[in-house]
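Using this note's numbering, you'd call the opening residue of the sequence shown number 80 and step up by one each time.
In short, the hints are calculated from the structure, not lab data. One or more of the hints may lead you astray.
Said to hold, decoys possible - Subject to a maximum C-alpha distance of 16 Å in a straight line, what follows is the list of computed EDC-like cross-link-like pairs (lysine to aspartate or glutamate):
| # | residue 1 | residue 2 |
| --- | --- | --- |
| 1 | K239 | D192 |
| 2 | K261 | E173 |
| 3 | K249 | D217 |
| 4 | K221 | E173 |
| 5 | K239 | E197 |
| 6 | K183 | D251 |
| 7 | K183 | D217 |
| 8 | K261 | D231 |
The structure presented is a predicted model; accordingly, all values stated were derived computationally and were not measured.
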Amino acid sequence: MFDYRYGKKTYMIAMFLVLVAGLNDGLMSIFGFSPLRSLSNRLNPNLHRLIALIIGIASLSLFFCKWVYTPFKGPTLFPTVLLSLSTPSDWTVERIVNTIPNTKVIYWASEPDENPNEIATLHQAYGSFTNGGVTMSDKNGKALIRVRNPQDYTIGDNIKPAHVHYRCVKKDGWIGAFRTIKI
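Turn these sequences into a full structure, and let the hints guide you.
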């Protein structure tokens, strides 16, 4: 439904509403008192239905928000001065991504497939994360990503086709959310 790209304020409001609902239910379970119902009864006897609907929509939105389940994929703070430009020396695949003009782009991919008869696990496929680097986007926001041909891998029973992950450096040490392009 939404994620950080569509509005951190929306995400924070939804989280606030769900936390308020949890506290309200906790008080109801322990003390038999519902602050939300008490407040709505004073203002309008049917207001609690509207409040419940709004909280339900907020809960449903969070249910479909990937950042709730994988927060490490969202924006993060990092001392970006530590990032120097680099590319794997024996790269075989290149892709162009559209991003913010004149910024660093951090990227990584799984290692090339050493055993084509077997699909590696996530940890086997990435190894020590040497198939990646840091590049710079041009004035039009085009960034050239170069990696060795990545392999497919499994997470549980799901096969993930070859792809490259990347993040864009924003201002003041912020690194943007996790992005993926297929190879």
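field: Unmet hints by their number, sorted upward, for this structure
entry: Violated hints: none; all satisfied.
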